[in-house]
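First to last, the sequence lines map onto chains R and U. Under my numbering, the first residue of the first sequence is numbered 91, with each subsequent residue one higher. Under my numbering, the first residue of the second sequence is numbered -7, with each subsequent residue one higher.
Wrong hints could be hidden among the right ones.
[Claimed, not checked] 25 angstroms max Cα-Cα, derived DSS-like pairs, lysine-lysine:
#1 Lys9(U) - Lys230(R)
#2 Lys160(R) - Lys202(U)
#3 Lys9(U) - Lys103(R)
#4 Lys175(R) - Lys10(U)
[As the list claims (entries may be wrong)] Chain R is nowhere near these chain U residues, computed Cβ spacing over 10 angstroms in every case:
#5 Gly(-3)
#6 Met1
#7 Val72
#8 Ile111
#9 Phe227
#10 Glu230
#11 Glu325
#12 Gln343
Just so you know, these hints were derived from the structure itself, not from any lab. All figures in this text were calculated on a predicted structure; none of them were measured in a lab. Here a beta-carbon is modelled for each residue, glycine too, at the ideal position from N, C-alpha and C.
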Amino acid sequence: MLIEINDVWREYKVGRAAPVQALRGVTLGIEQAEFVALLGRSGSGKSTLMNLIGGLDRPTSGSIIVAGEKLGEMSSRKLSLYRRKRVGFVFQSFNLLPAFPAWENVAVPMAFAGVPRAERKRRALDLLGRVGLGERAGHKPGELSGGEQQRVAVARALSLEPALILADEPTGNLDSATSAQIMALIKDQHAHGVAVVMVTHDPDLATQYATRTVRMADGRVVEPVVAVPEAHP
Amino acid sequence: MSFAGVLTMALEGLRRKKGRASLTALGIFVSVLALTLIIGLGEGLTAAISDTLTSDDNLRQILLMPGFGERAENKGEEIVIIGEMSEARRARLKRAAMARAEMRVMAGRRTSLIDDASIARLNKIDHVTGIRPLVFERYDVTMDDQQTQATLTFGLDTERKRFAQRVVAGNYFSGPRAGEVLVHEYLLYQWGFVTEAQQANLVGKQLTLKTQDIAAAGAGALPQGITEALRNIEFTEEEHKALTTILPKVAASMGGREALQTAASKTLTIVGILRENEPSEPVAWGEVSLADVFLPDGTAQELFSAGALSAQLGYQRAMVYVDDPVNVVVVEEALKHAGYSAYSVASFVKQAQQALGIVTIILSFLTGVALIVATLGIVNTMVTSVLERTREIGIWKAVGATDLQVQAIFVTESALIGLVGGLVGLGAAAAAMIPGNILARRMILEQTTLPFSGNVFQLPLYLILAGPALGAAVAVLAAIYPARRAAKVDPVKALRHD
Ligand SMILES: Nc1ncnc2c1ncn2[C@@H]1O[C@H](COP(=O)(O)OP(=O)(O)OP(=O)(O)O)[C@@H](O)[C@H]1O
Ligand SMILES: [Mg+2]
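Could you put together the complete structure from these sequences and hints?
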């Protein structure tokens, strides 16, 4: 078991109003070989759960256990290292650094990890080549299309070879043809043993790529875990 | 912690907001520039004071000058203001009369003379090891058919072999009363002996010193301008005679010296030629270095004593030697108590250093205020930067930047601003010191007789390091609060799509 999520609650306190319960007792296990599609209506708590799994946030109660350690109890520094070494995030809105060319965006995680500059550049260019952007390494995000930006973001997520990719609506801003390119990249990672959790509003994408679909509503996992046969696009 | 990412992000932050970063650095630049100049000036002046003035055994010496006596306060009793008037007005007029009486007394007479008797008396003050009159007088100098009027002469301390190193031809005096003179190369040059060989040839020749007549007659009482003018007019024999009779009376009527300087003259042998002193050569306290003819101490005193004026007025200056620098202040007080004016390097240096200290403190305080303002400017810039880059901070954190790395990015950015501001400030200060030193040296040489060759502004190694270090340190301090805010940014909130 890669990640064990046990009765996780996440409450947001805003002012004096009653707290918002974004997650209300989520229990879920994710295996190393899985590609999990997270479905659910807007506001059901999907992003909240992703942030908790990715160590960007801590649960109000319950536990998320990775390699025997509870994420919620880790020091802020250890949590940072967890994000750096084991998780690759892909966001709906790309979240690239606009001032840096593509290759430097890909290299940002390596920079924080202390990879020397020459090595950073070599690996970043290699990764960009793998996502089909070898020619665009020197271009800044503003000079790239949405699909190209998302490919840069995927390359960045892969730069430190994570064990887990967390993709929150990675194709939400893209047309279907471009979505297919991104999904192919993510699927390729899954094929190489990387676990994937992907939030999507598109049930077709879920059936097409995921090994398992998890449906959420009102901060809870609503359907029993149903295994679906591996898809062949 | 890896510094690569930190530096990349910090430099990028600076690159993107070059204008703002430069303006922020300006505050540090100004502070470091001012501080470096102030401390550099303090360093230079302190060094200049101690190098130039405390060289030789200057610290054991006190320059003695005649006193002008106590303020004539009880004389006021004799002044009576008559006539009908209010008491207030009577008192006011009396005060005016007294002040004028006092001024006449002061101008006309030296109350405490430096003569042989008083020298013997002052020699008995504790810690005094000796008193040497400094004799500098103007004489008409004649050699063959060459003559220069009112040439300044100065008696040299033959025991201490003063100026011996400046003899370029011939020899130094053979003794304190040798009847010998050293002549300055410039006087000979003026007389037409241009080459060194021509000048060296003059060693062994006779030279006559003669008391000035007309100018000396009115000396002290007549305004300087008149004495100067008299010197430059060619008088006929008769006019000359008449003037020498009348001038002493004019002088006496103005409350000045009563007797005419009796003519004295002496013929001496040139033993050597003296060159001008180099700016680097130390000057002795109270020394007259602009003289053209130098005499052995004893000879100078004999010549001076031969004049009647000297008996009345005594020597103009004397040097009092003290056994140990620590006793200088005590002896100085004793001399002042005896009615003389006394000046020592020790008290001068003390006063100068006190004044310098106060000025430095005030200027440093002002610079400190500037530095605080600069610091607040940095805080402001960095907080703005953190707010603007919230999303970026979220991205850094999502890809694994630690809180410490996030803090370090902003601290580094700020430190670079401070370091660059400090370095440029240091550079500007160093550049300003070059013309500053030239200007100050020229001013000192023009306005004093000190052979000053040092630097008024100095840049010791510690000061070179201090400016940029201070700039960086202040900037790091200023970045602590903004950096903490940056580290506290919640990545989830920062990354929520817009
Ligand atoms: N910082 C916050 N403060 C208060 N409430 C929050 C906060 N973040 C999320 N919520 C609430 O928690 C609930 C779950 O939000 P979440 O973003 O996880 O939903 P989601 O399933 O990702 O929705 P979407 O599909 O629209 O992205 C929502 O009701 C949301 O309003
Ligand atoms: Mg969401």
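Here is how each hint holds up against the structure:
1. Lys9(U) - Lys230(R): holds, 18 angstroms
2. Lys160(R) - Lys202(U): This hinted pair is violated, its Cα atoms lying about 109 angstroms apart.
3. Lys9(U) - Lys103(R): Given that 25 angstroms is the threshold and the Cα spacing comes to 36 angstroms, the pair is violated.
4. Lys175(R) - Lys10(U): Measuring from Cα to Cα gives roughly 34 angstroms; hence the hint is violated.
5. Gly(-3): For glycine -3(U), whose nearest Cβ neighbour in chain R is about 3 angstroms away, the distance does not exceed 10 angstroms, so it is violated.
6. Met1: violated, 8 angstroms
7. Val72: Nearest chain R Cβ is 94 angstroms from valine 72(U), so the label holds.
8. Ile111: holds, 83 angstroms
9. Phe227: holds, 91 angstroms
10. Glu230: The claim holds: glutamate 230(U) sits with its nearest Cβ about 99 angstroms from chain R, beyond 10 angstroms.
11. Glu325: holds, 70 angstroms
12. Gln343: holds, 60 angstroms
Hint violations for this structure: numbers 2, 3, 4, 5, 6, all remaining hints satisfied.
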